[in-house]
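Those sequence lines, one after another, are chains A and B. Number 57 in numbering that gives the first Met the number 0 belongs to position 58 of the first sequence; there are no gaps in the numbering. Number 294 in numbering that gives the first Met the number 0 belongs to position 295 of the second sequence; there are no gaps in the numbering.
Hint data in this document are derived by calculation from the structure and do not stem from the laboratory. One thing to keep in mind: the hints can contain errors.
[Stated by the list, open to error] Looking from chain B toward chain A, a few residues come up when the C-beta cut is under 7 Å (computed):
| no. | residue |
| --- | --- |
| 1 | E24 |
| 2 | M27 |
| 3 | Q73 |
| 4 | D117 |
| 5 | Y246 |
Built from N, CA and C at the ideal position, the CB exists for glycine as well.
The residues making up each chain are set out below.
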Amino acid sequence: MSAVIDDHGHAGHDHHHGPAKGLSRWLLTTNHKDIGSMYLWFSFCAFLLGGSFAMVIRAELFQPGLQIVQPEFFNQMTTMHGLVMVFGAVMPAFVGLANWMIPLMIGAPDMALPRMNNFSFWLLPAAFGLLVSTLFMEGGGPNFGWTFYAPLSTTYAPESVTFFIFAIHLMGISSIMGAINVVATVLNLRAPGMTLMKMPLFVWTWLITAFLLIAVMPVLAGVVTMMLMDIHFGTSFFSAAGGGDPVLFQHVFWFFGHPEVYIMILPAFGAVSSIIPAFSRKPLFGYTSMVYATGAIAFLSFIVWAHHMFVVGIPLVGELFFMYATMLIAVPTGVKVFNWVSTMWRGSLTFEAPMLFAVAFVILFSIGGFSGLMLAIAPADFQYHDTYFVVAHFHYVLVPGAIFGIFASAYYWLPKWTGHMYDETLAKLHFWLSFIGMNLAFFPMHFVGLAGMPRRIPDYNLQFADFNMVSSIGAFMFGATQLLFLFIVIKCIRGGEPAAAKPWDGAEGLEWSVPSPAPYHTFQVPPDMNDVHEHRKGTGGELTP
Amino acid sequence: MSRHPSVWMGLGLCLPFAAARADWEVNMTPGVTDVSQSIFDLHMTIFWICVVIGLLVFGVMIWSMYMHRRSTGQQPAHFHENTRVEVLWTVIPLLILIAMAVPATRTLIHIYDAEESDVDIQITGYQWKWHYKYLGEDVEFFSNLTTPREQINNEAPKDEHYLLEVDKPLVIPAGAKVRFLVTAADVIHSWWVPSLGVKKDAIPGFINEAWTRVEEPGLYRGQCTELCGKDHGFMPVVVEVKSPEDYAAWMAERKAEAAKLAELTSKEWTLEELVARGEQVYQTNCASCHQANGQGLPPMFPALDGSAVATGPLEGHIAIVVNGKPGTAMPAFGPQLSEVDIAAVVTYERNAWNNKLGDMVTPQNVLTFKQAEEATQ
Chain A
0 MSAVIDDHGH
10 AGHDHHHGPA
20 KGLSRWLLTT
30 NHKDIGSMYL
40 WFSFCAFLLG
50 GSFAMVIRAE
60 LFQPGLQIVQ
70 PEFFNQMTTM
80 HGLVMVFGAV
90 MPAFVGLANW
100 MIPLMIGAPD
110 MALPRMNNFS
120 FWLLPAAFGL
130 LVSTLFMEGG
140 GPNFGWTFYA
150 PLSTTYAPES
160 VTFFIFAIHL
170 MGISSIMGAI
180 NVVATVLNLR
190 APGMTLMKMP
200 LFVWTWLITA
210 FLLIAVMPVL
220 AGVVTMMLMD
230 IHFGTSFFSA
240 AGGGDPVLFQ
250 HVFWFFGHPE
260 VYIMILPAFG
270 AVSSIIPAFS
280 RKPLFGYTSM
290 VYATGAIAFL
300 SFIVWAHHMF
310 VVGIPLVGEL
320 FFMYATMLIA
330 VPTGVKVFNW
340 VSTMWRGSLT
350 FEAPMLFAVA
360 FVILFSIGGF
370 SGLMLAIAPA
380 DFQYHDTYFV
390 VAHFHYVLVP
400 GAIFGIFASA
410 YYWLPKWTGH
420 MYDETLAKLH
430 FWLSFIGMNL
440 AFFPMHFVGL
450 AGMPRRIPDY
460 NLQFADFNMV
470 SSIGAFMFGA
480 TQLLFLFIVI
490 KCIRGGEPAA
500 AKPWDGAEGL
510 EWSVPSPAPY
520 HTFQVPPDMN
530 DVHEHRKGTG
540 GELTP
Chain B
0 MSRHPSVWMG
10 LGLCLPFAAA
20 RADWEVNMTP
30 GVTDVSQSIF
40 DLHMTIFWIC
50 VVIGLLVFGV
60 MIWSMYMHRR
70 STGQQPAHFH
80 ENTRVEVLWT
90 VIPLLILIAM
100 AVPATRTLIH
110 IYDAEESDVD
120 IQITGYQWKW
130 HYKYLGEDVE
140 FFSNLTTPRE
150 QINNEAPKDE
160 HYLLEVDKPL
170 VIPAGAKVRF
180 LVTAADVIHS
190 WWVPSLGVKK
200 DAIPGFINEA
210 WTRVEEPGLY
220 RGQCTELCGK
230 DHGFMPVVVE
240 VKSPEDYAAW
250 MAERKAEAAK
260 LAELTSKEWT
270 LEELVARGEQ
280 VYQTNCASCH
290 QANGQGLPPM
300 FPALDGSAVA
310 TGPLEGHIAI
320 VVNGKPGTAM
330 PAFGPQLSEV
340 DIAAVVTYER
350 NAWNNKLGDM
360 VTPQNVLTFK
370 QAEEATQ
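Generate coordinates for the entire structure from the input sequences, incorporating the hints supplied.
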């Protein structure tokens with residue numbers, strides 16, 4: 000191993016010494032670590048921006064009546080909050096983690112397609128610049144919800160919808176290129192002897208996620224292109240008056256949309272599957288079944304899309320099929336949760352910030368899973384559909400699911416990225432404030448939803464007032480807490496206790512075999528993994544050569 | 000299965016509040032129909048299944064977090080798989096799901112059986128109001144929000160049924176199977192009354208079926224549940240269930256009203272009468288976009304005060320109200336409003352604010368305009 004790292008000193012590698020200076024380093028870089036960092040910073044900026052939109056929403060909903068914004072602007076806020084969080088915060092954060100960690104985890108020197116990597120990142124600021132600029136246009140930004148159902152998003156949309164469509168195209172191209180890069184890297188650049196079943200689960204879940212992305216992002220591109228044609232070129236894909244079908248939009252959208260949901264959670268499953276064993280000091284339970292469960296979830300994600308459409312009037316047989324298929328997802332997801340719990344069972348547990356976020360992930364994501372199971376029951380969905388119960392459900396899977404997974408990963412790998420330990424006390428404070436704030440914000444949404452409050456309304460009946468106020472207070476608390484995270488990360492970059500190559504005594508994996516901070520170039524000579532056993536052969540998880 | 004709602008979802012946290020105030024409602028309503036009751040039962044069954052599984056899994060997890068802390072000197076075990084338990088925890092959830100699917104399927108089949116109805120009503124969603132048409136009865140009307148703007152803008156105290164009040168509720172007879180044929184005129188809406196357990200999307204170009212049978216007369220309230228634009232939050236659904244006798248009386252009254260409307264069209268109107276009626280029509284149909292003060296919300300919703308249309312030729316003004324403006328949010332009010340109301344609102348717009356034109360449009364003018372248009376088509 001040490002031979003690999005020493006390469007940096009060699010005279011023959013001068014042209015690879017380190018990063019370029021100044022702005023061109025970031026504009027022109029092909030280095031997976033630089034690009035990973037840029038993705039992560041971009042995603043955090045989008046997180047704060049999308050979060051500030053959420054603050055506007057919660058401020059308006061703090062009390063019944065219209066106080067802060069008018070309904071037109073409220074609709075723009077709900078739409079932009081969803082779009083920015085999904086496409087700007089969660090997805091780029093996972094691409095950033097993939098960029099940083101996949102080469103380090105499989106012993107590769109970089110991503111397989113480094114120039115394309117640079118391009119896929121730099122498309123994002125362009126896409127989001129375009130998207131956010133619509134808010135300042137005449138007629139306002141997109142106001143039809145992040146699901147942009149036609150014909151509200153076509154015939155009845157503000158003029159800026161064309162910019163929205165172009166922005167979605169750019170994001171899609173970026174995601175597809177990022178996904179191709181992950182597939183090419185994982186399939187081609189693994190260290191000798193690193194068989195597929197030796198890969199850390201984060202690599203596995205990302206590989207599967209990448210295939211999902213390649214499969215569904217073109218579908219999203221297709222649906223927005225059909226909108227574009229309807230708006231500007233006289234077609235009637237989604238206009239009943241011209242012989243088209245508004246429901247077609249929903250079928251195509253959710254054929255993308257449901258796998259998209261798993262795109263946002265599978266990488267978090269992978270990260271948590273590294274973190275829980277590390278802080279339990281015990282190998283991951285059921286590695287093989289984790290891999291198969293991930294595959295099963297990915298497969299099922301393609302055949303459940305119409306459970307988002309139980310009330311559009313699909314025929315009985317269709318309802319039954321989509322209800323059964325959706326309920327089935329509980330099985331592989333349950334396997335994963337049971338595996339995490341069994342990993343902790345009879346371990347030797349400590350609760351540093353990554354573990355706190357990972358444990359909260361398992362519990363709160365499961366609560367989101369339970370409400371998901373309830374939503375799968377088609378007749379019950381007739382009452383839940385498009386109420387705050389649904390809002391509660393998907394925020395439980397996305398906030399303590401995707402976002403806590405990202406926080407856990409960030410704290411887990413920050414020492415590797417920066418070479419310093421983060422401030423553990425502040426990180427725990429960040430966890431507890433986020434945990435309380437998030438539950439305060441989203442748990443009462445179950446109640447108002449069941450009591451009958453529809454989603455996406457700027458004003459509501461008095462019977463919903465009390466819980467909405469609680470929700471808003473929790474949301475403000477959660478939102479403000481994220482500035483603390485920014486402070487912790489900056490503090491960690493600027494200094495702190497130096498981190499060892501492997502700062503967590505229970506951690507496993509190749510990323511811990513390089514120094515902290517990880518040198519600009521790593522694994523220029525691949526490590527030999529032939530002597531390491533596969534997880535399923537019985538030694539389990541001990542991948543450090 | 001418990002039929003007492005409200006307290007169960009509290010999970011301890013909210014129990015004290017639930018007792019203290021009715022506003023802290025935490026559960027779904029069991030409703031007033033067979034369907035809503037079976038949905039409620041399904042909801043509670045799956046909820047309790049989730050609670051039990053959750054308690055087991057989180058119990059084991061929290062036990063392990065407490066007992067297997069490193070600070071207690073715990074040495075980690077090394078096991079990492081066990082085929083038997085892995086098979087068990089795949090198969091057992093599968094069996095639970097199958098058990099759950101059976102009653103869900105039964106309820107769904109029941110809900111989908113809209114055959115043999117006694118009353119058929121076509122429900123059409125508009126931005127942002129509902130239109131009800133009694134098939135075979137020649138009775139139809141719009142149902143608009145009546146909550147005053149002052150309450151929404153916090154200038155007046157809010158009523159108990161804030162945002163859930165309409166001028167004309169949908170009236171149905173108790174004990175009868177009422178079939179709803181749900182569609183929309185512009186964008187997608189969704190018609191929902193929780194107490195009836197009915198929610199169906201209203202989609203332009205499609206007719207969806209739903210039905211209900213309510214035994215208990217009363218008022219049942221709901222809302223549009225599909226984002227349909229600016230005033231999505233302001234188009235409630237109110238259903239009034241009347242005893243069969245009251246329903247028959249109401250139906251006769253509606254028919255008499257329709258006849259009276261025809262008389263109004265031929266009546267001689269004065270400018271003052273038209274402006275007074277027009278102001279009401281304007282508040283109900285126009286003010287949410289063009290605003291009560293006529294200033295609109297440019298550029299999406301132009302001002303009428305001083306506008307070229309509202310101060311220009313009569314013909315053009317009538318045309319835009321009757322036919323709408325394609326490609327914008329301005330709908331065609333021709334099929335929505337009576338000749339009297341169109342005449343009144345046009346007259347009002349030409350005489351309100353700074354548009355003191357002093358001219359007027361009679362219902363007869365509107366009728367002539369419509370007939371001329373039909374003739375040219």
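Hints violated by the structure (numbers, ascending): 4 and 5
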